[in-house]
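**Q** Residues per chain are reported as follows:
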Amino acid sequence: MNFTLKIWRQESASSKGRFETYKISNISDECSFLEMLDQLNEQLVDKFDKPVCFDHDCREGICGMCSLYINGRPHGNDSGITTCQLHMRRFKDGDTIVIEPWRAKAFPILKDLVVDRSAFDKIAQEGAYVSVNTGGIPDGNAIPVPKVKSDLAMDAAACIGCGACVATCKNASAMLFVSANVSHLALLPQGKIEAKERVTKMVAKMDELGFGNCTNTGACEAECPKEIKLSNIARLFREYYVASIS
Amino acid sequence: MSEIKSKIPQGPLADKWTTYKSTQNLVNPANKRKLDVIVVGTGLAGASAASSLGELGFNVKIFCYQDSPRRAHSIAAQGGINAAKNYQNDGDSVYRLFYDTIKGGDYRAREANVYRLAEVSNSIIDQCVAQGVPFAREYGGLLDNRSFGGAQVSRTFYARGQTGQQLLLGAYRALNRQIKAGTVEMHNRDEMLELVIVDGKARGIVSRNLVTGQIERHFGHAVVLATGGYGNVFFLSTNAMGSNASAAWQVYKKGAFFGNPCFTQIHPTCIPVHGDYQSKLTLMSESLRNDGRIWVPKKKEDAEAIRKGTLKPTQLKEEDRDYYLERRYPAFGNLVPRDVASRAAKERCDAGFGVGTTGLAVYLDFSSAINRLGKKVIEERYGNLFQMYEKIVDENPYETPMMIYPAVHYTMGGIWVDYELQTTIPGLFAIGEANFSDHGANRLGASALMQGLADGYFVLPYTIQNYLSADIRTPRISTDTPAFQEAEKSVKERIQRLMSIRGKHSVDSFHKKLGKIMWDKVGMARTKQSCTEAITEIQALRAEFWKDVRVTGTPDELNPELEKALRVADFLELGELMARDALHREESCGGHFREEYQTEEGEAKRDDSDFMYVAAWEYKGENEEPKLNKEVLEYENIKVAQRNYK
Ligand SMILES: Cc1cc2nc3c(=O)[nH]c(=O)nc-3n(C[C@H](O)[C@H](O)[C@H](O)COP(=O)(O)OP(=O)(O)OC[C@H]3O[C@@H](n4cnc5c(N)ncnc54)[C@H](O)[C@@H]3O)c2cc1C
Ligand code: SF4
Ligand code: FES
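Protein chains in written order, with my numbering: chain A, 1 to 246; chain B, 1 to 646.
The shape of chain B in the complex, shown without the other chains (with noise of 0.2 Å):
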């Protein structure tokens, strides 16, 4: 089987970048004609890397679920993009976001990894900003910077509230033109179930037209997978309400080791729960903390009484507001990174100081960054997303203060890459959120946008041909050989076999189920005890599902029943993976809080000794017990140290 070779070039961490480059075999003009390649995603990282790869002249076939490839998931990132330009003077370096995303991190991502991608970080702004991207601007008429948590300097770019729409817009104006130019065909509605494996490597995939119900067969010299998180085994999450795992899981099954699965992040700032009725949750980005303080009352009669509806937050004085962020953590105070400002929120509510109907919800309050600036400045920064949560909850934020809760957000675990972006699956490559690579245990804001971007444009389209420069003399292998006919006949068994089920319960109770088991054990906070039960539990839950779940329709037309029921039947077995992790990994890191390893004051205690790798699971079969591999990570260049925020 593979085994677990990171290839991390030698030599220096600064010059290893530019030694891959200057070293790697590249693949000539007239051969990259030649050469076709498939990718799976039209988010940052699939539009970037499938727009740049026709501009050097390969074939590329692109693919996304939605109607149109400017609608990825990508499109909702509202914060910002990080770059180590420095332009605000105040001390910022590649160093120094290569240092703050390992910290950020907690120990657990790659070093030479995160300092590439820090390398890369100033390209992307130029890219973005070359491509018309209208990222905010200073009077003078330069780029515009604000803060993100986890960071003493000013690196984040951003365009109003809509960074994610106008990068991902970016993109698709690139991909578009290469559509155009005829070096790019698009594939929307088209959804990848399965992955072509020709003697031992990645050759194709099989996908369903999701307008008609056609199985397509689909070659490829190299597979790059782009289709993003997979926040959405909660079911409840800020992803889009498509995102899923189906393709990142089918290649674990086909042999690619899944990195960290149990890595996911929860995000601080969204708008909390309101009913069981609810699809999904909606982020308040995290750019509002800039001006926003968060508290909660500090007796609990008065968090009582605003429960009951008795007492209004603006009634309560200074005095009796605690400002738990900035107490715990003056150097930080509300920046503090994303996994801390969530466990304290769970921490205030757990322990009775809740607001909100519910209690589960803190107070984000700007009405001292309204005395200080104006509400004019503070309409300017975030006046969208001030007018999405009016719409949302029908209150208005200039005057009352917000109510926030963690939600799950991101996850930083994904399919293990080594440092070419290349899966255990030789040809098969992952970038953007399907991989486990930058983020460690915890991502920074403004962070996964960088990625996207870097993996795209700066990074896949070098290493790609490394791998691609020993396959010029491979013909185009036909869709009839027997791979593509195996691969087509297990999806459509797959397809089959939901829809002769006919049972009793639809495909959402059971994710809604699923999602129900993942918070409240694999969630914020977890134990020995808790993730043991979620691994039965799922199994149970997935035995039920598979006796006794509804899909309706048939399968040869569009019905989203389907779609829902192929996505779930993948979410309940990669939640027991997550849960197994979890339970595996004795320490608590980044967004992994493992509830019998914390310190005196309630902090993540880890333990570099026994656990400073990345946990590499290998597929075995089904009902089998995945193996564990490790990745053990050296830190040669930065001193690891007891994350402070204090």
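So here's chain A without its partners, still in its complex pose (with noise of 0.2 Å):
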């Protein structure tokens, strides 16, 4: 298969950035979107040009590393992936690939395809946690949690960080991945001690580092490669109204 890529090239933060045009040719339809990105590098360094950067690393959808937003949406057209599970065979030959990285004001672009998404970690730093140390814990089996209950809040624990999310939405909002994790820790017995410093600090905290408001769009649901349900947002909202009334 051959394509046309338009991939977004940045030198270094403070640069500008622009679009450069790429052509590749011969990319089986069994590839991977990133392989197909290695054969560019490759074809570049050979040129002595500088390979496109662009973040990944376990390459099969699990550690939230790539983020690349292709023809207008996170991780490709492709529902419950990430591009690293991207296959050359959603394309149709000779089609022309746009190529962006995450765009939003929390997440600024360190070069080219690759942004800085640190604020997700300082979000999760404010609570989302539970406060025991090493040590000193009773039998894992002391606390009996039903399992339609345990079965949600691993459902909300699949959140990958990997911020499509915020990518996909207007306003830039971070709130699926917060509800996310507020959700995951709410419904389990462990979590409930510290819910509501929990939800109270992260959404502050959300606030803080320049994410917008979440107006109920749902696009960051349609988009979440871990089909991380709107659901949560709505738990969100209960658990930020219980706290924020007592």
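Derived by calculation from the structure, the hints in this document are not laboratory data. Watch out, some of these pointers could steer you wrong.
As the list claims (entries may be wrong) - Restraint-style ranges between C-beta atoms, simulated for each label pair: (1) B:640 <-> A:46: 50 to 58 Å; (2) A:20 <-> B:273: 27 to 35 Å; (3) B:539 <-> A:204: 56 to 64 Å; (4) B:398 <-> A:96: 34 to 42 Å.
What the hints assert, rightly or not - Derived list of chain A stretches under chain B, where covered just means 3 residues or more per stretch with a C-beta under 8 Å from a C-beta of chain B: (5) 143-150; (6) 191-204.
Beta carbons: idealized from backbone N, C-alpha and C, even for Gly.
Combine the two chains into a complex, taking the hints into account.
**A** Encoded structure:
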């Protein structure tokens, strides 16, 4: 297969970026999207040009490191997957593919397609944990958890912190990410004790770091590679409300 | 030079750890604040160690090369984590977990370490539950278990197919709590390139800020490596793209011994290779072998027809299928340990019965489980794995059997450590997959997560105090001292040397060539000849690399080509050591299969009288042969036997 690629190139955080066009040919349809970019980079290195920088690590959809905005959609035109799980068979021979970084005030571009998502870590540091030290813990089965609850908590905990929800939201809101963290712990007895403090602090941090407000457009749910549900946002609002009245 | 002392405490096996803990030196709270510890790596081992040390009051600096500590490679572990809880009432115990691990490791692991691992395994589960890890549960609300290879009990705890993710996020939460509390300082996108030694003790590291290219110096009273395994020496593996051996290799060159480098694990159930542009291999969790049955066609002509695409696997009648694991190993069947399952797949494919377009694949079939349990149950157990498979291969595993083939997955070898997890360099510790310690010549499924968390939560936070207690009067050493300056200089020179070659071939092209040598000659089956050839070929490739590699860009920017070049330079040296180790070990054991040493039925043939030891290699200088030191293994509690899964 042959493709025309329009890729965002930007030297550094402070420089101005632009689109560059590249041609790539002889790509197998079994090849993954990132393997296609690997081949482009081999070509660039061959010409002593600088390869395109993009984040990636596990290449199996779990580390949350890959982050490309492909033809106007985070993680490309397929549902329930990350960029590294996208395959070229999803495209038509001869397609033009536009590749951009996540764009959000709270995720500054570092270079080319690489952005800084440490704002997510900062939000998590505000309280996305249960305050227990190592050791001196009662038996694991001392706290039974109904399977339904535990399954719902697992659904929320499946978030990989990729930031697609922010990238796709017109307000660049981090609400889906924050709500996944809040819900996971709020659903479990272990997380209940600090629930109020947690939600208050995390939401405050999110606002402080320049993420936008949630206006319920639902774009985040549609693009989330782990299919994190909007119902988590509803739960966050409930938790937040309870925390603010008591 | 450092001498090899494993420091195993005296006394009966079951009392050793308790005795150690109650007699070791501790550091009092006021002094902990004066002590700095560097932890390199934020995987299960590093994150759990750093958070526990922070809670105790030490000042911790922690490093990872990813953009966030939560992305360490541990995140990718799928299947589960073992513990000797015996919640299923099926006869499990600390001793049984210990025994299975020693046996699974083919009697090449240290008894005392493995016993301690089994002993603390239960606390890990308690700890993780308290952190909010959403383990799978039964309808009654209690924790659920599944079985894994090499065991006859159900002792594996899991969180769907994302156990590693959930355990790592638990440790990440604990880490974040300490970052917020100010006891841990996080350095992400910051790669360790050199160890700093002052007066014979590890006292810091030199690292490169991957965004700015800045070379940094960091002091610590002690340094802990939790940098993971070196499977990427094979280029294609199930490891993350950035997983590397550089930190381990640099400390080896500074005097830390390297234990059993040739012990690599080839995992039996991975998605087969499909093209030369391929960048990594995807694991299909071993848990699938609980319900999936492995087979190839009985007749060669059927296998050929399948390869040509004229016959579909679903068309083949039961009697024409060879469920070769069930046939050869009736007692364990599809749940034999990984090394056994991998070799059996290779044997069938080499004999001409392989499927897929390349003939390098076997089937993992769920049809009988779906008939027996219904699609819904299978979906609940493995839904995300099936989805992952379908996205990659474009086939629906509910309808047609999965295709799998072995791939490099884990390295049992690593930095040699004593009972305290200290290396041969005083003050330098190694934990998690980075050390060689607990798995002998083969690791059982769901035991790496257990070991990483055991080391980080429950072992290192104790043993490191025994070392640091002698250091309470050592003031912080300035990073302007000569040792730091020299370490920085050597890093800068290495980078400069790489950048100035400006040769013709990309870093990846060298890495792929190295991977091919390793896979063909030091892979699933090795011989004296193949290892000898590998050594010469790697040396030649290394010389070519330093003459002809092309690293684009500059050192003062985000530069993935430079990052890769530094890592591949180290792999090109480590690969040779692995081949040397494989050559010297004239026996077959666990993941190390020397074709010359096998029984008539093709099983691994150990040589306990000559090789019941850990090979701890000592660096002797560039172009010098490394020295082999031996830590003899003594089995006082287990009767050493031929491994039998029949
Ligand atoms: C696909 C897959 C599935 C698996 N499934 C299971 C399973 O089900 N059960 C099980 O028990 N085991 C499993 N394993 C094995 C297990 O996941 C690993 O052995 C374990 O997670 C390793 O943890 P670690 O903390 O030692 O290292 P890692 O998690 O590999 O972490 C290494 C850390 O070191 C950092 N690092 C590395 N080099 C440097 C450097 N030079 N400078 C700074 N930082 C550095 C990295 O950034 C990272 O933070 C699986 C492995 C794979 C590949
Ligand atoms: S909620 Fe979904 S899109 Fe947002 S960070 Fe988590 S996984 Fe990514
Ligand atoms: S590279 Fe890990 S999720 Fe894509």
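**Q** Compare the structure with each hint and give your call.
**A** Hints, verified against the model:
1. B:640 <-> A:46: 50 to 58 Å: 55 Å, holds
2. A:20 <-> B:273: 27 to 35 Å: Since the Cβ atoms of residue 20 (chain A) and residue 273 (chain B) sit about 32 Å apart, the hinted range of 27 to 35 Å holds.
3. B:539 <-> A:204: 56 to 64 Å: 59 Å, holds
4. B:398 <-> A:96: 34 to 42 Å: Between residue 398 (chain B) and residue 96 (chain A), where Cβ atoms are some 36 Å apart, the hint holds.
5. 143-150: Coverage by chain B holds here, the residue count being 6 at a Cβ distance below 8 Å.
6. 191-204: violated (count 1)
In summary, the one numbered hint that this structure violates is 6.
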